[in-house]
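Enquirer: Going down the list, the protein sequences come from chains S and Z. Going by the working numbering, the first sequence wraps up at 294, each residue one higher than the last. Going by the working numbering, the second sequence wraps up at 654, each residue one higher than the last.
Hints are not guaranteed to be accurate.
Claimed, not checked - Dumping the calculated DSSO-like pairs for lysine-lysine here, alpha-carbon to alpha-carbon at most 27 Å: (1) Lys307/Z to Lys93/S; (2) Lys400/Z to Lys192/S; (3) Lys360/Z to Lys307/Z; (4) Lys192/S to Lys410/Z; (5) Lys203/S to Lys400/Z.
Said to hold, decoys possible - To spell it out: a stretch of chain S is covered by chain Z in this simulated footprint if at least three of its residues, at any positions, have a beta carbon under 8 Å from a beta carbon of chain Z; those stretches are: (6) 90-98; (7) 173-183; (8) 195-203.
Don't read these hints as lab results, they were simulated from the structure. The beta-carbon is built from N, C-alpha and C at its ideal position, and this holds for glycine as well.
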Amino acid sequence: MKPVNQKAWLLILPVVLCVAFSAILPLMTVVNYSVQDIISPERRVFVGTEWFKSVMRDDDLQGALGRQIVFSLAVLLVEIPLGIALALAMPAKGWRSSAVLVLISISLLIPWNVVGTIWQIFGRSDIGLLGASLKALGIEYSYTGNATHAWLTVLLMDVWHWTPLVALLCFAGLRAIPDAYYQAASIDGASKFAVFRYIQLPKLRGVLMIAVLLRFMDSFMIYTEPFVLTGGGPGNATTFLSQYLTQKAVGQFDLGPAAAFSLIYFLIILLLCFILYNWMQRVGTADKTGAGHG
Amino acid sequence: MARIELDLAHAYKANPQRDEDYALLPLKMSFADGGAYALLGPSGCGKTTMLNIISGLVTPSQGSVKFDGQDVTRLSPQQRNIAQVFQFPVIYDTMTVAENLAFPLKNRGVAPDRIKLRVGQVAEMLELSAQLDQRAAGLAADAKQKISLGRGLVREDVSAVLFDEPLTVIDPHLKWQLRRKLKQIHHELKLTLVYVTHDQVEALTFAEQVVVMTRGRAVQMGSASDLFERPQHTFVGHFIGSPGMNFLPVRGVADGIEVAGHRLAKPRGGRPAAEADMLGVRPEYVTLAAAHDLGAVPATVMQAQDIGTYWLLVTQVAGSESIVRARLSPEQAIPKTGDAVWLAIVGEHTCFYRNEELME
Numbered sequence: 001m002k003p004v005n006q007k008a009w010l011l012i013l014p015v016v017l018c019v020a021f022s023a024i025l026p027l028m029t030v031v032n033y034s035v036q037d038i039i040s041p042e043r044r045v046f047v048g049t050e051w052f053k054s055v056m057r058d059d060d061l062q063g064a065l066g067r068q069i070v071f072s073l074a075v076l077l078v079e080i081p082l083g084i085a086l087a088l089a090m091p092a093k094g095w096r097s098s099a100v101l102v103l104i105s106i107s108l109l110i111p112w113n114v115v116g117t118i119w120q121i122f123g124r125s126d127i128g129l130l131g132a133s134l135k136a137l138g139i140e141y142s143y144t145g146n147a148t149h150a151w152l153t154v155l156l157m158d159v160w161h162w163t164p165l166v167a168l169l170c171f172a173g174l175r176a177i178p179d180a181y182y183q184a185a186s187i188d189g190a191s192k193f194a195v196f197r198y199i200q201l202p203k204l205r206g207v208l209m210i211a212v213l214l215r216f217m218d219s220f221m222i223y224t225e226p227f228v229l230t231g232g233g234p235g236n237a238t239t240f241l242s243q244y245l246t247q248k249a250v251g252q253f254d255l256g257p258a259a260a261f262s263l264i265y266f267l268i269i270l271l272l273c274f275i276l277y278n279w280m281q282r283v284g285t286a287d288k289t290g291a292g293h294g
Numbered sequence: 295m296a297r298i299e300l301d302l303a304h305a306y307k308a309n310p311q312r313d314e315d316y317a318l319l320p321l322k323m324s325f326a327d328g329g330a331y332a333l334l335g336p337s338g339c340g341k342t343t344m345l346n347i348i349s350g351l352v353t354p355s356q357g358s359v360k361f362d363g364q365d366v367t368r369l370s371p372q373q374r375n376i377a378q379v380f381q382f383p384v385i386y387d388t389m390t391v392a393e394n395l396a397f398p399l400k401n402r403g404v405a406p407d408r409i410k411l412r413v414g415q416v417a418e419m420l421e422l423s424a425q426l427d428q429r430a431a432g433l434a435a436d437a438k439q440k441i442s443l444g445r446g447l448v449r450e451d452v453s454a455v456l457f458d459e460p461l462t463v464i465d466p467h468l469k470w471q472l473r474r475k476l477k478q479i480h481h482e483l484k485l486t487l488v489y490v491t492h493d494q495v496e497a498l499t500f501a502e503q504v505v506v507m508t509r510g511r512a513v514q515m516g517s518a519s520d521l522f523e524r525p526q527h528t529f530v531g532h533f534i535g536s537p538g539m540n541f542l543p544v545r546g547v548a549d550g551i552e553v554a555g556h557r558l559a560k561p562r563g564g565r566p567a568a569e570a571d572m573l574g575v576r577p578e579y580v581t582l583a584a585a586h587d588l589g590a591v592p593a594t595v596m597q598a599q600d601i602g603t604y605w606l607l608v609t610q611v612a613g614s615e616s617i618v619r620a621r622l623s624p625e626q627a628i629p630k631t632g633d634a635v636w637l638a639i640v641g642e643h644t645c646f647y648r649n650e651e652l653m654e
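Can you build the whole structure from these sequences, using the hints too?
Expert: Listed below in structure tokens is the structure:
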């Protein structure tokens, strides 16, 4: 029998080391914290799954999780259709196309905390364009005082910040559709809607999957922008999961519960991404009879 | 079904000045109702442009397109009621085969029973009946191309079916089957078919009439034997045949013609020969001859190749640069490289050209 060549292990060693130091070891530290009660650097007690049980019963955390899910869903429901609509409306070629691409990408180049600051000023009723305009229209608008206003402002800010990403991905996807498809559709007498429904949307499946996953993960981990804009308020109306986690870990030094919750947080994202991915893989590809495997 | 008349020119650039600016030089052509035509030519000769002008995907910059005498130049592909099959199969990914076939009828508001009937008939004809409920995206390239064709055939009143190199992505052994299917459909439905290809075998086996194109010009329209026997233009001679026609410079002299420095007697019907500047003869019609035979020139064999069913002789005419290729049957004695031979090149199959055009 031919001996198995083990040299390949050497080749993957650099990657294993990098990943070990950058991801696995930090993650293990978190696992370590999550099962101990650290009273002082010298005194620590093994508590098993105690922290996991307690964070699961934490009302504040359940509230934050609920808000987070609603927020991420709202982000997807607004940004994905809006991004597709923008991509469809963008000019396909020539200098206009380049100009629109540059303009639309600007918000993607702004650092997160600056986005928060921009909207904080934008929404102020004394000097902000949005706040002052709404005030002039007679609408009582205050993102610091009114929970609904704060919520809508954070959502609007995220839509403004990230819809261009969805639009760019869709634009690239649309450009990749060969002309013959549009020509065939025109010969088949397809309406504009039919072209969208049966050609463009199915061909965008790949990029939409990337867009949905990226926007879901990012929005589920949103921290900086609401932190700068509302600081999680009023009350805890805009306190999302990562902010709640930071309060626990850095604000109160409850490292055990924070670590336990981090792991749960990680698993939630992983699970939801898995579900989304599988659902999007399958939608629109099943045989109508379910038996047509020839 | 319709008779298609073209009288047009097309340039993709605005204000074309020189011939090179045109994708299609001014041309006049008509396709008879129910005929099978092929547009044959190398890449970039304008054949796809001509097809897209017929279908209405491209509007010609000058002139008109008429279907049965009616001007359709400004009408959309849908209004012209044509069907087109593209180089790469176009299918609707999310639909089943049946839904794909039904799509053009559904868009035109045909009644459901009627759609069902037509889809069934077309699927039967294209041998797709077993796959009707399968998702079209999962099928092989040849089945997908049949679906593309089927979407054209479900409409009974379709004016013409256009094909843009439809067999490019099909496996060689399936190409024959699909081409036979096309001929059969043409035979049954008597549709006007126009088929674009750069493959002469495909064009000559599929079409009744072949239009040979080069650099924006349609140089000849004719049957396979017309193109083979009487190429109207030297390009047709070069392009059709494997290998293409031999061309030798010729000039008229007092008592005959001079080919590559050799004096030959004037052939029958001598006028074209006397005024021609080029002589063309197919390798199939070049034969070995005895020394100083009528219409024969001396040459040296440069290469003798066994091509299986025949031998290909590549020779150089003595005292000149001219190359003459000959196809010889393996039954006869084949000269070897370096041998001196006499080749009969002037006979009833020899054509004479002046400025690239055939002289009659």
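Enquirer: Could you tell me which of the hints above the structure violates, numbers in ascending order?
Expert: Of the numbered hints, just 6 does not hold.
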